[in-house]
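Make the full structure from the sequences, and use the hints.
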Amino acid sequence: MSHTIVLGVIGADVHAVGNKILHYAYTQAGFFVVNLGVMVSQEEFVQAAIESEAKAIVVSSLYGHGEIDCRGLREKCIEAGLENIKLYAGGNLVVGKTPFKEVEEKFIAMGFDRVYPPGTDPKTSVDDINKDLASL
Amino acid sequence: MKPILCIDFGSTYTKVVGIDVDEPRILGRTQSFTTVKEDINIGLEKAIEKLATMTGISEWPVRYACSSAAGGLKMIAIGLVPQLTMEAAKRAALSAGAKILKTYSYELNESELEEIAKLKPDILLFTGGIDGGNQKVVLHNAHQLTKLTIRCPLVYAGNKAIRDQVKTILSEHDWKVHVADNVMPVLNELKIDSARALIRDIFLEHIVVAKGLSKVQSTIDNILMPTPSAVLLAAELLAYGHIGGKGIGELLIVDVGGATTDVHSVAEGHPTQSNVLMKGLSDLKIKRTVEGDLGARYSLPSLVEVVGIEGIAATIPTSVEVVHQILKDLEAHPESFVSEPGLLKTLDDVAAEIAVKESVTRHAGTLEVHYTPFGTIYQQTGKDLSHVHHVIGTGGPLIYHHNIRSALRAAQYDPKNPFSLKPTAPHYYLDKQYILAAMGLLSIHYPKQALTLMKEAIIEV
Ligand code: B12
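Taken in order, these protein sequences are the chains called V and L.
Oh and the first sequence: position 75 is 75 in this note's numbering, straight run, nothing missing.
Here this note's numbering = 1-based position in the second sequence + 136.
Calculated from the structure, these hints are not laboratory results.
Nothing here was measured: the structure is a model prediction, and the numbers come from that model.
Be careful, since some hints might not be right.
[Claimed, not checked] One side of the interface only, derived from the structure: several residues of chain L facing chain V at Cβ under 8 Å: (1) V217; (2) Q271; (3) L323.
Even for Gly, the Cβ is constructed at its ideal location relative to N, Cα and C.
The structure is reproduced here in structure tokens:
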């Protein structure tokens, strides 16, 4: 079955290339992709998810401010009645060489379901999304 | 000579413009009070009599009309997320020339249902969900609407996946459902043509009759559209022209009235600087916004609230107490009209200028700045009107304004508010003879003549 997912690059981040690749990869994988492009605010992710009845939000952050930009997204989703929505994050989530384990723990604590290190193959997330949404 | 009569049944006045399309030229323009309660023909006949005195012509075999009488085309728009489908529904209704009574989002509750029943809309526009998107809330609202105590034509322009279901649910409860394309089929993409066309058809078939305006149908071909639609047609023709004549280019029309201020822009509105990314809902090339809190008379109290009574008093200039007193007097007699200089006239003028400034600021797009290590990046929401070269004023408070240029200049880009994308160096014009709506009507069959007449009659100030 075709899952609806919302995709976008969060915050003031303009890195557009990875977003296009993810859009392509997810569409190929059979998802119905609502792609918000770059410079997407948390509110826009939430609004798009409501309007499209999406089951997952896939957030990219490439420029290093991912932590600040992503904080509070889960809370906004809960407030908007999207308490069951799956949240995924990937890209270059933080600046520099923080061990990924630490980054992952932080994002999980912020309410993300899965977090991916730089350079993750989109295919990895496709498999995860299929698995996670199968039960919904 | 080939005489044609264009009629605008307004809420207060019935305005008629006689045109000779052969030459072409405007033969004359008169008005009389609208008589919708008794028989709308009475007011029309009076206006035509006056026109006969003026022009010597009393036979008008060809007549076109538009109407905003009996409250105009009153609509309610229902969407899902306020910034998305609700906003899309609102824009669709506005561009169909409607007056929006109220908009609703998310799940409709019982008190909102009661409110809708009390507001008695002529048409209900029901949307929600992108195609393939939300079903839960939209179906909930369909079920809620079955409980509504009133019925009127309903246009469904939401998620197409549940179109048939919605139609069945509502039809089983005596709703007459008209189905249009989704106003937002893809996120942030407006697609209003189908809904707008349907609304217009319903206006022609039902609303004209329901409002008692049909009595006039025997004497005129038909009331073709709501007045704001006629103005939008005129605006489009004047800007872009047609095969037989070039338009003047992108433009902005500000129509200040007693109760509301309408702004129409005919412009692409794409970013005019580099480093600008578009954000949010796409915008319409031909866009209309209506500000219900900005008007020179009935909405004067709310307009005063926008800038503060001190600000108004200082501009006139007079004391706050005096302004209070005038406001009170006007509340009792909103129809008072003066053209002589004096306090009241000055207040009218100040109000018109504020209405222009505020309404154009709300209509125009905005920029948001983001400072990144890489440099400055801008995000644009709405239309960039900075390169629009023509600003046209219309409506009583502007037509009778003492310093029209100064009033219209309020529409201009303001360096103090650099992120509001208003025209930077436009020319200013006045629709002195109040003919825009008539020209919109004329343009349906005589675009060439309408364009020529507009270019002549709309004067630079
Ligand atoms: C091109 C580029 C730019 C261009 C972007 C043009 C554009 N509009 O796209 C410009 C010049 C504008 C730019 C600006 C900046 N950039 Co730059 N940029 C790059 C560069 C060289 C390539 C990015 C790219 O397109 N990669 C190719 C795509 C395919 O890969 P990707 O973006 O990583 O996306 C893939 C994966 O990350 C993954 N992925 C992404 N999201 C997600 C989400 C999930 C859930 C999953 C599973 C996977 C996933 O899948 C994607 C597809 O395969 C990178 C360095 C690099 N080689 O990556 C730096 C880089 C991203 N930029 C960087 C920085 C710091 C900036 C600036 C802040 C300052 C600067 N140095 O110029 C500004 C920020 C501007 C802003 N506000 O966004 C840093 C980020 C550092 C960090 N996070 O630790 C990098 C890594 C360079 C570096 N090593 O310093 N940049």
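So, going through the hints one by one against the coordinates:
{"no.": "1", "hint": "V217", "verdict": "5 Å, holds"}
{"no.": "2", "hint": "Q271", "verdict": "6 Å, holds"}
{"no.": "3", "hint": "L323", "verdict": "5 Å, holds"}
When the structure is compared with the earlier hints, no violation turns up for any of them.
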